[in-house]
Amino acid sequence: MTILIIYVAIFVAAFFAVRKGVSKFRQMNDYTSLKTVTFGDESAVRPDRWASVISVVTIFLLWGAFTGSKWVPIHAPGPFIGDTEFVYTLEAPDGSRDDATVYARVFKVGEEVSDREIEPGDGFAKNDSITVGAWRSELLLMDKNDEAKRKDGAKVVAIDGQPVAPGDTAKVSNGTVAITSKGSLNFAPSKGMQMEPIWLPPPESVVSRVAEISEQGYQNFTLFEHLYWSLFRVVVGFALGALVGIPLGYAMGLSDWFRGWFDPIVEFMRPVPPLALIPLVIIWAGIGESGKIILLFLAALWIMTISARAGVSGVAISKVHAAYSLGASKWQLMRYVIMPNSLPEIFTGARVAMGVCWGTVVAAELVAAEKGAGMMIMVASRFQLTDIVIMGIILIGIIGYGIDILMRKAESWLVPWKGRA
Amino acid sequence: MSTLSIENISMRFDLPNGSHVQALQNVSLELKTGELMSVLGPSGCGKTTLLNILAGFLAPTEGQITLNDHLVTGPDAERGMVFQQGALFEWMSVRENVSFGPRMKGQREAQYAGNVDHLLDVVGLKDFKEKAVYELSGGMQQRVALARCLANDPDVILMDEPLGALDALTREKMQGLVLKLWKETGKTIVLITHSVEEALLLGERLLVMAPRPGRIHKEYRLPFAEMGVGQDLREVKKHPEFGAKREEILSMIWDMEEEIMGRTEEAEA
Chain A
261 MTILIIYVAI FVAAFFAVRK GVSKFRQMND YTSLKTVTFG DESAVRPDRW ASVISVVTIF
321 LLWGAFTGSK WVPIHAPGPF IGDTEFVYTL EAPDGSRDDA TVYARVFKVG EEVSDREIEP
381 GDGFAKNDSI TVGAWRSELL LMDKNDEAKR KDGAKVVAID GQPVAPGDTA KVSNGTVAIT
441 SKGSLNFAPS KGMQMEPIWL PPPESVVSRV AEISEQGYQN FTLFEHLYWS LFRVVVGFAL
501 GALVGIPLGY AMGLSDWFRG WFDPIVEFMR PVPPLALIPL VIIWAGIGES GKIILLFLAA
561 LWIMTISARA GVSGVAISKV HAAYSLGASK WQLMRYVIMP NSLPEIFTGA RVAMGVCWGT
621 VVAAELVAAE KGAGMMIMVA SRFQLTDIVI MGIILIGIIG YGIDILMRKA ESWLVPWKGR
681 A
Chain F
3 MSTLSIENIS MRFDLPNGSH VQALQNVSLE LKTGELMSVL GPSGCGKTTL LNILAGFLAP
63 TEGQITLNDH LVTGPDAERG MVFQQGALFE WMSVRENVSF GPRMKGQREA QYAGNVDHLL
123 DVVGLKDFKE KAVYELSGGM QQRVALARCL ANDPDVILMD EPLGALDALT REKMQGLVLK
183 LWKETGKTIV LITHSVEEAL LLGERLLVMA PRPGRIHKEY RLPFAEMGVG QDLREVKKHP
243 EFGAKREEIL SMIWDMEEEI MGRTEEAEA
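So the sequences go chain by chain: A and F.
Just so you know, the first sequence maps onto residues 261 to 681 in the working numbering.
Just so you know, the second sequence maps onto residues 3 to 271 in the working numbering.
By construction, these hints were calculated from the structure, which means they are not laboratory data.
Keep in mind that a hint or two might mislead.
[As the list claims (entries may be wrong)] Simulated crosslink set (DSS-like; lysine-lysine; CA at most 25 Å straight-line):
1. A:Lys579 to F:Lys131
2. A:Lys579 to F:Lys133
3. A:Lys678 to F:Lys131
4. F:Lys128 to A:Lys579
5. F:Lys107 to A:Lys590
6. A:Lys678 to A:Lys579
7. A:Lys330 to A:Lys280
8. F:Lys189 to A:Lys579
9. F:Lys133 to A:Lys669
10. F:Lys133 to A:Lys678
[Said to hold, decoys possible] On the chain F side, residues computed to face chain A include the following (Cβ under 7 Å):
11. Trp93
12. Lys107
13. Tyr136
[Unchecked claim] If you want the ones that stay clear, here's a sample from chain F, every Cβ over 12 Å from chain A, calculated:
14. Glu92
15. Arg105
16. Glu111
17. Ala112
18. Arg150
19. Asn154
Model, not experiment: these values are computed from the prediction.
Just so you know, even glycine gets a beta-carbon here, dropped at the ideal spot from N, CA and C.
Using the sequences and the hints, build the whole thing.
Given below as structure tokens:
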């Protein structure tokens, strides 16, 4: 909740800062900047690159600030670390009361810690010493060293002077103390607002994981190998899907027999999510490479078939008529008119198919695999290695984005006439 | 002497709702080599159907078409087409578009290059040879289409509203170009148009068709095409007979439209 409020505040503040401050230095004099109607004119809405930069920086700042990153100068309040104490009041069965102090030492989990040296104190309630990890809590059987025991009827009646009963929670300095139903104490040092590394590690530990796994590997394969195998499966599966799907789509666009024969199959298979095929593919082909490639082949096949079919039906009839009137044979029509004319559709389909394949391969690897990006993050999550999981997610995102950019580049290079006919 | 003869063509097809359409009824016509005929008529008169039958894209239900004494059964390079727009191949340069016909016949570059260059010169696109067609204006694209058709040296050129999508100024210039090409190449040309003025200017023979069923209503023989060759077409339009003919044909088509409207209103009532 706090994070959301901070995020919205940064959003609004950055908006005003950029509008008031920076806009003076970036006067634009192109045609669009002269438009007065921009609200409702989609073409006049251009992404504000300042906003994009601030947006990305904000995400990393918040991430760093709430994980105690060394890279970020400001931090949200962290968990309490250090020494603190509170006083409990024990009531003996005969009604007499005595105070004792609990000396707590809160340490970072994973670091060495030693107990505090304390005096036992006077009276029948003796002082205690405990150590607690940050973000953790510690159950304290305070009467172990006391002369009045709970089993004899002794009970805690106050914490730091506040009267309490079993089930209550009392605030003490740097934490809270809860009285369990059995009357023992549970000390939880204050957690602050930062995330514990097992939920969200700071950015630097994710980055250091990249270096570590690139060199030493994880689950027998280096980072590069994991990503390489995922990409390899996608490329092979997609290539096979395109190799079968495009000719099939052409056949469906050119012959009514093919159209009739394959229409029910394609129309049925198209809405089946490839992920739903994973169990069947595992039964048939196991969890090895062939199973993955069959799955990706099926994921790409229908998309490519449909886009090739759409490419054929998208040919303006006047182009076909013109080609025949110029003496083209059926094969020449195919080669010089239908194939180039369907390229834009096929590229659109290929972009979609690559995206779907990339998603499917990660999902398939999550289910069962020996190597691959999905397998890497799945295994890491079982061991609570959140930094590997986050690293994997970021790399999967970057690669997916990279694939899309490459496809777009290839498209504008191979199909320069797209959208300009 | 090659002639295009249309012998008693009828075209009738069923609709999904069980009724049928008589798109053409008993259309007969003979065109000699080098004749320029424009076809005019209200929408639904079957002029595009007639052109598609001539091109071989549609088979008539009755009658036949012969060109040079052989039967027309399908599209062929002997009958070139010029479409309204969008029939150029965007993935080819201007030169590749124009040389498409010769290349499909298996000619080598050396065989067609000279003719292609000449045709591009004739239509005024010499400097645009290597441009992509989508970089050209609408009028330039239609000039490419004309050159592409001529590069194949067809016996007959069929034009389906070739200038329909152009703005008025470009259209006038292109009308002059069509006349020039007609005179220089001596091709037989059939040109379909919506514009009465264009039909008068570009019709040595002018065919007015009537709708429902599509049939020949009246045929004119006009001097304006001959007058217009190499002339300013605006001068031709000032000719008193041009104005008279335009009024005559306009009111003829107007009456047909009125009749159709009346008939549909009756049917609806």
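Worksheet item: Among all the numbered hints in the text so far, which are the ones the structure does not match?
Response: Numbers 7, 14, 15, 18, 19 - these are the hints that the structure violates, sorted from lowest upward.
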